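Asker: Sequence:
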Amino acid sequence: MATARSKKDRSLKETLTKPAGNRADNGTTLPVTPSHVGRTIRPVPEQLQQQRGFPAVGHNHNGNAWAWQLLIVTHDEDEERSVTRTFLEQLFASLKTDLQIVKKEISLDLKEVRRAVGARVVALEEHEAGREKEVEQLQQEVLWLREQQIDLQAHEEDLENRSRHNNIRIRGAPIGAEEEDVALYVLSLFNQILGVYTAAPIQFERVHRVGPPHLANAPSADILVCVHDFPLKERILPMAKDQHPPKFRGYLIITYQDLSAITLQKRRDIRPITSHLRDKGISYSWGHPF
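Note that the UniProt record's numbering gives residue 144 to position 144 of the sequence shown, counting from 1, and the numbers run on in steps of one.
No lab work stands behind these hints: they were computed from the structure.
Just so you know, these numbers come straight off a predicted model, no measurement behind them.
Each statement offered as a hint is correct.
Keeping only pairs whose Cα atoms sit at most 25 Å apart, straight-line, the calculated DSS-like set for lysine-lysine is:
1. 280 with 266
2. 96 with 111
3. 247 with 233
4. 233 with 266
5. 280 with 241
6. 266 with 241
Taking CB as the label site, the calculated pair distances span:
7. 230 with 140: 39 to 45 Å
8. 261 with 151: 14 to 20 Å
9. 146 with 106: 53 to 59 Å
10. 251 with 147: 44 to 50 Å
11. 267 with 234: 15 to 21 Å
12. 146 with 279: 32 to 38 Å
13. 270 with 140: 27 to 33 Å
14. 147 with 127: 27 to 33 Å
15. 127 with 284: 56 to 62 Å
16. 247 with 142: 50 to 56 Å
Here a beta-carbon is modelled for each residue, glycine too, at the ideal position from N, C-alpha and C.
Construct the entire structure; sequences and hints are all you get.
Answerer: In structure tokens:
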């Protein structure tokens, strides 16, 4: 045991006393060889030198003797390479496991999202289908209501025209031409149209001017006459038309059937057609209630 220790100390002494390119703080050269890479050098106390028989190779700034001991750290490259490879393999295995876990979680999340989105899409499609049915039903109801409205409007137009059957509108008589009594003025006009000059008066249910209030320079307002005898009224209109039109007390007087505003608008809409018929000499007549 003592022999092995002395051999080790002797080898270390030779290493410390051999010249080399490394120097201590006091200029002492310390041996450094390629095999010393990775080794640690530390100062050895003088008492330890004397016990081991190391020669003093330098002094510090206080004059205390000191020596250097080389603590050799074994550096096995194959072992380090093996450790590094094992560590990387473990790291890659851990990363692979983590990625698989994350992949599984993402896959589950995507499945849940697809399921939720699919359920919402199905619900929206069912809701949309229900809305389409409701819209279609409402459209049918609107069409039905439109037909009813047209029928009611036509019925109202017919009733209004029927209520005006006995009415005659007189246009062309200026305001004031009737003097004091408009009924006497209309009676004289109808007698002239009929060519009847008798004392028997024509019965009127009402006679009055229609339209807004008139100014002095405003055009004449129509005179509305409701004849009690409908057959007599039917005689007056065609006879007045045959006189193209009659001239009464210096004014051209036009008489025509009193109609509702809706019927008059319809006749205005087809006026180009009726004008063309008159230009071609084609006779036409209005049906009832149009």
